[in-house]
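Chemist: As a plain string of letters, each chain reads:
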Amino acid sequence: AQSVTQPDIHITVSEGASLELRCNYSYGATPYLFWYVQSPGQGLQLLLKYFSGDTLVQGIKGFEAEFKRSQSSFNLRKPSVHWSDAAEYFCAVGALYGGSQGNLIFGKGTKLSVKP
Amino acid sequence: EAGVAQSPRYKIIEKRQSVAFWCNPISGHATLYWYQQILGQGPKLLIQFQNNGVVDDSQLPKDRFSAERLKGVDSTLKIQPAKLEDSAVYLCASSLGGERFHEQYFGPGTRLTVT
Numbered sequence: 001a002q003s004v005t006q007p008d009i010h011i012t013v014s015e016g017a018s019l020e021l022r023c024n025y026s027y028g029a030t031p032y033l034f035w036y037v038q039s040p041g042q043g044l045q046l047l048l049k050y051f052s053g054d055t056l057v058q059g060i061k062g063f064e065a066e067f068k069r070s071q072s073s074f075n076l077r078k079p080s081v082h083w084s085d086a087a088e089y090f091c092a093v094g095a096l097y098g099g100s101q102g103n104l105i106f107g108k109g110t111k112l113s114v115k116p
Numbered sequence: 117e118a119g120v121a122q123s124p125r126y127k128i129i130e131k132r133q134s135v136a137f138w139c140n141p142i143s144g145h146a147t148l149y150w151y152q153q154i155l156g157q158g159p160k161l162l163i164q165f166q167n168n169g170v171v172d173d174s175q176l177p178k179d180r181f182s183a184e185r186l187k188g189v190d191s192t193l194k195i196q197p198a199k200l201e202d203s204a205v206y207l208c209a210s211s212l213g214g215e216r217f218h219e220q221y222f223g224p225g226t227r228l229t230v231t
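So the sequence lines, in the order shown, correspond to chains A and B.
Numbering follows the working numbering, with no gaps: position 11 of the first sequence is 11.
Throughout, the working numbering is defined as the position within the second sequence, counted from one, plus 116.
Treat the hints with care, as some may be off.
Okay, derived cross-link-like pairs now, DSS-like style, lysine-lysine, Cα gap no bigger than 27 Å in a straight line [unchecked claim]:
#: 1; chain 1: B; residue 1: Lys178; chain 2: A; residue 2: Lys108
#: 2; chain 1: B; residue 1: Lys131; chain 2: B; residue 2: Lys187
#: 3; chain 1: B; residue 1: Lys194; chain 2: B; residue 2: Lys127
#: 4; chain 1: A; residue 1: Lys111; chain 2: B; residue 2: Lys127
#: 5; chain 1: B; residue 1: Lys160; chain 2: A; residue 2: Lys108
#: 6; chain 1: A; residue 1: Lys61; chain 2: B; residue 2: Lys160
Please keep in mind that the hints were generated in silico from the structure rather than gathered at the bench.
Let's have the full structure, built from the sequences with the hints guiding it.
Modeler: In structure tokens, the structure reads:
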């Protein structure tokens, strides 16, 4: 069965410091992988996605993620965190089935706090 | 472009009462999703519609939850009767579907508290 594990429930970093959020997945084939961000009281917003090809993908707001098949990981990174990045981050694995439909399975999320 | 609209934003009910949530997706989005997000967890898909047909409702507790999307646009999710464990945020999302299924646009959610 597909599953996503985000080992860190809560991370605190200083503003300007680098960030890495971990994500491990379980999936039988090459997965579609995603990172979403959820600000307090808001819905989720897609940050970036990986389908195939280059294993380093760029997203919005200066985020990037690297797909490592050997480690079943898709970690999210940002070189310099801004206070506005404080939010909850969700990794998700998706599948397109039947050629026409797909759905997402989310991890439990990592809450990011940013110290001034 | 207007986003996904949901109402109400907050709802407090007692157990065994009924409640309904409404969602209006982005215009032209054929696929609509309802997710349940319990505190401290990621969203869990409850039901997925393609136009007005159900694609996946395998995780919907059908003894108490129901959902419809009669005209292929707006959708309503109902809980009857509610249990304490139904306290959660209910998120609606929509997408163009097909190969762009992952480009899901989420509404702000309805926070349900069952007392």
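Chemist: All hints, please: hold or fail.
Modeler: We went through each hint and held it up to the structure:
1. B:Lys178 / A:Lys108: At roughly 24 Å apart (the allowed maximum being 27 Å), A:Lys108 and B:Lys178 satisfy the hint.
2. B:Lys131 / B:Lys187: violated, 31 Å
3. B:Lys194 / B:Lys127: holds, 13 Å
4. A:Lys111 / B:Lys127: It holds: about 25 Å lies between the C-alpha atoms, which stays within 27 Å.
5. B:Lys160 / A:Lys108: Between B:Lys160 and A:Lys108 the Cα gap is close to 10 Å, so the pair holds against 27 Å.
6. A:Lys61 / B:Lys160: holds, 26 Å
Of the hints listed earlier, the one the structure fails to meet is number 2.
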